[in-house]
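K.L.:
Chains as they are written, first to last, in the numbering used here: chain A, 1 to 258; chain B, 1001 to 1293.
Any given hint could turn out to be false.
Taking lysine-lysine and the DSBU-like style, the derived pairs with C-alpha atoms no more than 30 Å apart in a straight line are [to be verified]: (1) B:Lys1073 <-> A:Lys229; (2) B:Lys1040 <-> A:Lys249; (3) B:Lys1073 <-> A:Lys95; (4) B:Lys1163 <-> A:Lys95; (5) A:Lys236 <-> B:Lys1073; (6) A:Lys76 <-> B:Lys1028; (7) A:Lys249 <-> A:Lys73; (8) A:Lys229 <-> B:Lys1124; (9) A:Lys73 <-> A:Lys11; (10) B:Lys1028 <-> A:Lys233; (11) B:Lys1124 <-> A:Lys95; (12) B:Lys1124 <-> B:Lys1163; (13) A:Lys236 <-> B:Lys1124; (14) B:Lys1040 <-> A:Lys236; (15) B:Lys1100 <-> A:Lys236; (16) B:Lys1266 <-> A:Lys73; (17) A:Lys95 <-> B:Lys1100.
Coverage of chain B stretches by chain A, computed from C-beta distances (three or more under 8 Å per stretch; other residues unrestricted) [unchecked claim]: (18) 1020-1027; (19) 1061-1068; (20) 1148-1158; (21) 1259-1268; (22) 1276-1286.
Simulated from the structure, these hints should not be mistaken for lab results. All values reported here derive from a predicted model rather than from experimental measurement. Ideal placement from N, C-alpha and C gives every residue a C-beta, glycine not left out.
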Amino acid sequence: MSFLTMARIVKREKICGEIFHLVLETERPLESLPGQFLRLSFPGILDPFLPRPFLIFQERGPIVEIVFNVRGKFTKMLSQMALSESLEVHGPLGKPFYLPPQESYLFVGGGTGAAFFPRYIQELKGRRHLFLLGARDSSANWFAPFFPSGNTLLLTEDGSSGLRGTILDHLQDTVNDFCPSLILASGPLPLLRGITTLLAEEGAPVWLVLEEIMGCGIGVCLSCAITLKQEEKRRKVCLCREGLVWPAKEVILPETGN
Amino acid sequence: MSLKNPVMVASGTYGWGEEVAELVDLNKLGAFVTKSVTLKPRLGNPAPRLFETAAGLLNSIGLQNEGLEAFRKTALPLFHSLSVPLIVSIAGESVEEYLKLAESLEEETRIDALEVNISCPNVKEGMLFGTSPKLTEELVKKLRPLSSKTLIVKLTPNTGEIKEVALAAESQGADCLSLVNTFLGMAIDCRSRRSRLSTTFGGLSGPAIKPLALRYVFEISRAVRIPVIGMGGITGGEDALEFIVAGASAVAVGSASFRRFDAPFKVLEELVSLFEELKIDSVEEVRGKFQYE
């Protein structure tokens, strides 16, 4: 069950370009489970009005960490906040996601989408796994220490660290070499669309961490409703309530959006 | 119908109750207003359905809901274990659909009132009734004899004849008016030159519309004798009192609940403190007591 609490900014770090890392100390620990998310808003400020959802990168006791891209007014303001300033936190939100039991996993993280994975590293012990992390620039490098070095492949579009190129350039080869029994991808919608198309014939199931514009976080505003192929004519599901992670074969990805 | 307090939720912002029942004590609300129920299930509009604008939001959900039968089977039972006054919002595409909805819900004794949504801007013909005094008059005239429940008509500001629509509803026996529904607006991505929503227009709500909503509540509450429920951008106790001073007998909190799910309760708490501070004993004491120069 979600609740509202206040948080103080204990660390704000510019990773590179427009990507920031924020460490918050909440008054009440969120005690979120893997796959859940939170919403942040600026107390007493009516513009921006709606809280924004963020993946939970790390959580320990009252400490919660997020990684975000500056995209609009809200994230611009968030990136300029000073230490000790307060934010309103709403969470934990969404259904937790547990890795379906498989022999091996390929995790694909595009940009800040990589922030979804660190909470699963613990439970991967003894199971074959590979992280394929791609970014435009050296932010991929920043993420590297959070991932097991022998099982992580870094890509940058500018070649500043790891292999040069995009995730889509290297994905098919990686899948062929690694032969995963499950693929889980997190990142911007165009990337998820690309992965879905590229791996349409792949034997291993592909799961996606989806994003959609959210209004309420609890399933009442119906903004983040997505369509499931099996139930196209029957119902839609709200990502905020029913979870962010869905099998690529089951969802109809939105045509627009980022 | 009487309310324990003047703060209710606006239709479409607290769902059918299930999602919020675990988070807040619904019995502390003045009344619960459901998301609009339609005769048949509706899947609503494609994504994107919401876009934030300056101090407000544009939505184009398109009345997504599981329809009347699902409402009766899955949503109503929850309210049998609650004591909060229940207002069911109904939306139809034709007079017949509204009549069927009212007829079918008449036997549900748990329901205290119907809010007739003739003002949804996001479905084809959703606003048709609400923009026309004549159609509103015909609809309410046929609905009134079918329902023994309190009949609330929710008005749209997207017409030049809102006062005439209000008077038409009153003349045919509406017990109360809700105003306002969202303002029709648009948002354009200047780079792609496309709408920010899947539809060209959406409904604007939130603090951005408060001054506009306040003016309608002020004007309409002076034009009719039936009570008015005021809404549009209320986020705190002072906003609520402004609507009451303008002429509202009760207020509804809408988009603010998307920001904080407990917003209606915060508004109520702040309104109570404000009454104490200003030594106001009842809503009636200040309702419509706007001071002209």
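K.L.:
Indicate, hint by hint, whether the structure satisfies it.
P.N.:
Quick rundown of the hints versus the structure:
Taking the CA atoms of lysine 1073 of chain B and lysine 229 of chain A, the gap is near 26 Å; set against the 30 Å cutoff, the hint holds. A threshold of 30 Å between alpha carbons decides the hint, and for lysine 1040 of chain B with lysine 249 of chain A the separation of about 28 Å falls inside it, so the pair holds. Between lysine 1073 of chain B and lysine 95 of chain A, the direct Cα distance comes to roughly 25 Å. Compliance with the 30 Å bound is thereby established for this hinted pair. Only pairs whose Cα atoms come within 30 Å are accepted, and lysine 1163 of chain B paired with lysine 95 of chain A is rejected, the gap being roughly 46 Å.
Annotation: proposed proximity of lysine 236 of chain A to lysine 1073 of chain B holds, straight-line Cα distance about 19 Å (limit 30 Å). A threshold of 30 Å between alpha carbons decides the hint, and for lysine 76 of chain A with lysine 1028 of chain B the separation of about 38 Å lies outside it, so the pair is violated. For the hint pairing lysine 249 of chain A with lysine 73 of chain A, the CA-to-CA distance comes to about 34 Å; that exceeds 30 Å, so the pair is violated. Using a Cα cut-off of 30 Å, the hinted pair lysine 229 of chain A and lysine 1124 of chain B holds, with the two alpha carbons roughly 25 Å apart.
For the proposed pair lysine 73 of chain A and lysine 11 of chain A, the alpha carbon gap of about 21 Å is at most 30 Å, so the pair holds. Restraint check for lysine 1028 of chain B and lysine 233 of chain A: the C-alpha separation of about 37 Å exceeds 30 Å, so the hint is violated. Taking the CA atoms of lysine 1124 of chain B and lysine 95 of chain A, the gap is about 34 Å. The hint is violated against a cut of 30 Å. Using a Cα cut-off of 30 Å, the hinted pair lysine 1124 of chain B and lysine 1163 of chain B holds, with the two alpha carbons roughly 23 Å apart.
Restraint check for lysine 236 of chain A and lysine 1124 of chain B: satisfied, since their Cα atoms lie roughly 20 Å apart, inside the 30 Å limit. Taken as a hint, the lysine 1040 of chain B and lysine 236 of chain A pair is honoured in the structure, with Cα atoms around 15 Å apart against an allowance of 30 Å. Straight-line distance between C-alpha atoms of lysine 1100 of chain B and lysine 236 of chain A comes to about 25 Å, which keeps the hinted pair within the 30 Å bound. Of the supplied pair hints, the one linking lysine 1266 of chain B and lysine 73 of chain A holds, its CA atoms being roughly 26 Å apart against a limit of 30 Å.
A C-alpha spacing of about 37 Å is found between lysine 95 of chain A and lysine 1100 of chain B, which places the hinted pair above 30 Å, so the restraint is violated. Coverage of the segment 1020-1027 of chain B by chain A holds [criterion: at least 3 residues with CB-CB distance below 8 Å; count 3]. Under the rule that three or more residues need a Cβ within less than 8 Å of chain A, the assignment of the segment 1061-1068 of chain B holds, with 3 such residues. With a threshold of 8 Å between beta carbons, the proposed coverage of the segment 1148-1158 of chain B by chain A is violated, since 0 of its residues qualify and at least three are required.
Interface restraint, the segment 1259-1268 of chain B with chain A: holds (4 residues with C-beta to C-beta distance below 8 Å; minimum three). Coverage of the segment 1276-1286 of chain B by chain A is violated [criterion: at least 3 residues with CB-CB distance below 8 Å; count 0].
This entry does not satisfy hints 4, 6, 7, 10, 11, 17, 20, 22, going by the numbered hints stated previously.
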